[in-house]
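Sequence order for the protein chains is A and B.
With numbering that gives the first Met the number 0 applied, the first sequence corresponds to residues 0 to 706, in that order.
With numbering that gives the first Met the number 0 applied, the second sequence corresponds to residues 0 to 195, in that order.
Read the hints as simulated data drawn from the structure, not as lab findings.
Careful, some of the hints might be misleading.
Sample of chain B residues at the chain A side, in silico, Cβ under 10 Å [what the hints assert, rightly or not]:
1) 28
2) 29
3) 32
4) 54
5) 96
6) 101
7) 104
8) 106
9) 108
10) 110
11) 111
12) 114
13) 132
14) 153
15) 166
Backbone N, C-alpha and C define an ideal beta-carbon position, used for all residues, glycine too.
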Amino acid sequence: MTTVPTAREGSVGTAHTRVEGREKVTGAARYAGEVRFADLAHGWFVLSTVARGRVRSVETAGVLAMPGVLTVLHHGNAPRVDTGYIGFLGVPPDPSCAVFQHDRVPHLGWPVALVVAGTSEQAREAAEALVVRYEEEPHDTVFTGERPDAYDVDGHVPAVTGKGDLEAGLTASAVVVDAEYSTPEEHHHPMEPHAATARRDGGRLEVVDSNQGAAWVAGDLARLFSLDPASVRVRSEHVGGGFGSKGIRAHQVAAVMASTVLGRPVRVVMTRRQMFSLAGHRSPTAQRIRLGADADGRLRALEHRSVSATSTVYEFVEPSASVARAMYDAAAHHTANRVVRLDVPTPTWMRAPGEAPGSFALESAFDELAEKCGVDPIELRARNEPERGPVSGLPFSDRGLLACFREGARRFGWADRDPRPGLRREGRWLLGTGTAAASFPVMARPSTAAVTAEADGTFTVRISAADIGTGARTALTLVAADALETGPDRVRVRIGDSDFGPAMIAGGSMGTRSWAWAITAAAAGLRERLAAGTGVPPQGITVRSDTSAAVDALPPKERHSYGAQFAEVAVDTGTGEVRVRRMLGVFAPGRIVNPLTARNQFVGGMVWGISMALHEEAVRDAASGGHYGADLAGYHVATHADVPDVEAHWIDDPDPDDPVGIKGIGEIGIVGAAAAVANAVWHATGVRHRDLPIRPDRVLLSGAPGV
Amino acid sequence: MAPAPSPAYSSVTLDVNGDKHTLTVDHRTTLLDALRERLDLTGTKKGCDQGQCGACTVLLDGHRAVACLQLAVAAEGRAITTVEGLADGERLHPAQQAFLDLDGYQCGYCTPGQICSAVAMIEEHAAGWPSAVTDDIRPEAGPPPLTADEIRERMSGNLCRCGAYVSIVRAVARAAAVRAESTPTTVSTRTERAPA
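Given the sequences, and given the hints that come with them, work out the whole structure.
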């Protein structure tokens with residue numbers, strides 16, 4: 000028998016079902032709260048019932064006498080932790096994770112105690128029985144765009160940018176749009192609640208957790224508890240969604256404290272209701288946009304100002320005004336992100352932080368400008384394509400926006416559209432279509448990986464990556480297979496373990512790109528070693544990589560993914576209900592590693608856009624400072640019946656500066672999606688909805704003709 | 000005379016995936032916690048613990064139910080099927096295979112509930128039960144065409160925050176088609192009551 004060498008087909012770019020798919024459909028995949036521990040105890044949070052004040056007393060005696068109760072941790076007895084450090088992501092930790100350190104209550108739902116018992120039933124009943132007394136102070140949780148105490152703050156982007164004379168630009172403009180937009184408080188609500196189990200074993204700390212970066216959480220726990228980083232191991236094998244909410248949070252810290260005190264493993268799981276104050280959220284935003292343009296729609300002036308809220312304990316800004324910094328240019332171009340501090344939980348990153356609410360306002364305003372100029376919305380965007388970064392002045396790495404619009408318009412049937420609003424009626428329904436642009440920054444962060452050639456001819460990749468549903472485990476398997484010039488069936492990718500070394504988190508649409516880079520580098524080194532031809536010893540040959548130097552050497556450019564969103568809606572003239580009939584997105588997202596999972600992820604982002612446009616709204620009660628209906632019946636997320644056929648496509652768009660051509664696809668799907676829906680509602684009814692969500696009552700009270 | 004039973008605990012025998020398990024359970028223990036914490040059947044997920052997300056959907060006597068709203072002591076005598084009980088050995092249930100092949104999930108946490116819900120939903124439909132979007136709801140009309148809208152309506156008790164609904168609906172449709180191929184068509188009339 001002879002063997003003939005054949006050219007190998009690459010795995011990247013071909014559809015592969017998830018490597019852990021069988022475990023997920025059979026229930027065998029174990030998530031954080033499901034890993035067995037001997038002698039496990041259960042912790043249950045007790046949250047404050049006042050929105051501001053001090054804890055006067057925690058009356059533990061009765062509770063400690065209840066069956067099974069092992070301890071009650073609170074500010075009077077909990078171990079001390081250190082929050083004076085700069086964390087993995089280059090920012091100090093939100094002290095909200097550092098539970099039980101003082102008696103101050105900065106918001107309703109602040110952890111004031113952890114009851115630990117032998118079973119979860121015992122812990123829960125004791126937690127509900129625990130009496131906590133407070134010195135209550137007046138609180139302020141009311142968010143508006145007119146707060147005089149709002150101030151500029153730099154977040155992950157600068158607070159303020161500006162060039163040119165705005166007022167002169169507006170005065171000289173033939174057409175001006177001046178409108179205010181708002182988006183409500185929104186919550187991530189991954190289906191898997193945050194869960195962590197901590198075990199102290201001698202000097203070691205082991206945590207099984209659900210997070211977006213095992214090395215991130217391990218590093219923060221080491222700093223918080225002043226431990227040798229090498230003695231802390233965090234594992235996070237399967238993660239039931241994250242969307243930005245699964246970083247270092249109260250549950251891990253409380254579990255570590257309790258396991259330290261009790262000397263046995265302790266699990267802390269947030270309840271769905273507790274997630275409303277413990278898991279982070281997206282701040283409400285109040286945005287004002289002023290656009291000044293010539294009669295043909297070319298911009299002279301652009302101003303985007305946004306106010307968001309943060310807590311009294313940490314500055315987090317939702318930088319909604321930043322979208323235009325990369326999207327549209329004008330001689331006068333001003334953007335500003337401001338925050339106001341309220342007695343509310345600290346918000347955090349939530350899928351496309353800044354871009355999601357910011358694109359709703361900006362892309363709605365562009366639709367209004369198109370209407371006023373009598374220019375097709377797509378043509379308006381074409382006329383305002385910038386040649387360089389409007390704020391940075393840097394060249395664009397590439398810019399696939401108009402290619403996305405062309406392909407999307409063709410697929411959606413945009414050319415046949417009558418731009419006039421309020422004309423299409425089908426029984427009790429008014430019909431309309433809308434479009435919007437999308438962009439999201441393309442970035443990478445240093446990561447390390449190890450690739451091992453095993454003696455049996457297979458390969459093992461170890462990287463502290465997280466698969467929060469993105470398909471990262473599978474994508475990295477395909478990337479590694481190509482880099483090793485082998486088939487994916489010969490590659491085993493192990494992730495979710497901080498012992499594998501530092502790596503980027505699953506966030507910022509940077510995970511897969513950053514990890515693939517590190518794996519590619521390690522695989523290249525390994526192939527060199529194997530080419531030397533000394534054979535593979537029983538323990539295998541391992542090569543490690545660290546992409547710090549390569550990533551830091553990326554030349555400065557405007558790097559983004561782009562997209563064009565299209566939606567068709569039907570508005571019920573009797574009930575005011577808006578239903579999305581179809582949605583289509585075309586993206587310029589870099590090289591697609593796995594079309595099967597990538598399409599799913601784009602569609603998922605677009606579903607988030609539908610949900611944001613029509614359903615999601617966490618409503619705060621000014622009197623109590625907490626939420627109305629803090630559960631999944633009160634906080635609506637899109638379900639099956641809300642989601643029609645949603646199509647996602649992409650154009651060929653490899654990133655020229657990435658070893659695999661990847662850009663990142665986790666967030667671009669939500670950007671512009673809500674604006675496309677809102678613009679379609681205008682087209683259907685003739686009324687602009689500038690406040691999300693577009694609830695039935697808002698539609699009914701909008702004064703639209705025929706509604 | 001045997002000592003009086005503890006007022007807080009009872010012995011209960013649960014029939015799960017064809018196996019009988021006798022447990023002493025805290026009366027407060029839900030069926031969901033009994034499955035997960037006592038029987039180590041963690042495929043049934045806890046998403047909200049208050050009946051709003053569907054992640055803990057199991058089959059009770061073949062009908063779907065959320066295990067978080069059932070007390071374990073009340074589940075005695077019911078045939079409980081969890082996601083772990085659907086496959087035939089190594090051979091996946093057609094619904095499991097369809098979710099795997101068509102990527103009917105992302106993070107996977109709602110998936111066991113979606114699959115259990117789909118398995119029962121397909122039977123409810125085949126038995127002729129209408130939904131809120133069924134046009135002809137007369138009992139003699141038989142099962143309506145299992146359109147995407149029918150599937151969406153019938154599956155709406157199962158939230159997927161990743162937003163994988165489009166591929167879930169395709170997977171459910173494929174599983175229903177597999178069932179239809181393997182089951183001889185009979186003229187169905189709606190004689191059985193659907194579960195409340």
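Against the structure, the hints come out as follows:
1. With its C-beta approaching chain A no nearer than about 6 Å, residue 28 (chain B) sits inside the 10 Å limit, and its interface hint holds.
2. Look at residue 29 (chain B): its Cβ gets to within about 9 Å of chain A, closer than 10 Å, so that hint holds up.
3. Checking residue 32 (chain B) against chain A: minimum C-beta separation of about 7 Å stays under 10 Å; hint holds.
4. With 10 Å as the threshold, the beta carbon of residue 54 (chain B) comes within range of chain A, its nearest partner Cβ sitting at about 6 Å, so the hint holds.
5. This hint holds: residue 96 (chain B) has a C-beta 8 Å from the nearest C-beta of chain A, less than the 10 Å allowed.
6. For residue 101 (chain B), the interface hint holds, since its Cβ comes within 10 Å of a Cβ in chain A; the closest pair sits about 8 Å apart.
7. A hinted interface residue such as residue 104 (chain B) counts as satisfied when its beta carbon comes closer than 10 Å to some beta carbon of chain A; here the least separation is about 6 Å, so the hint holds.
8. Look at residue 106 (chain B): its Cβ gets to within about 3 Å of chain A, closer than 10 Å, so that hint holds up.
9. Checking residue 108 (chain B) against chain A: minimum C-beta separation of about 3 Å stays under 10 Å; hint holds.
10. Taken as an interface hint, residue 110 (chain B) checks out: its beta carbon lies about 5 Å from the nearest beta carbon of chain A, inside 10 Å.
11. The interface hint given for residue 111 (chain B) holds, since its Cβ lies 5 Å from the closest Cβ of chain A, which is under the 10 Å cut-off.
12. With its C-beta approaching chain A no nearer than about 6 Å, residue 114 (chain B) sits inside the 10 Å limit, and its interface hint holds.
13. Because the beta carbon of residue 132 (chain B) sits about 8 Å from the nearest beta carbon in chain A, less than 10 Å, this interface hint is met.
14. Taking 10 Å as the C-beta contact cut-off toward chain A, the hint placing residue 153 (chain B) at the interface holds, the least distance being around 8 Å.
15. Among the interface hints, the one on residue 166 (chain B) holds; its C-beta lies about 6 Å from the nearest C-beta in chain A, closer than the 10 Å criterion.
Violated hints for the displayed structure: none, as all numbered hints are satisfied.
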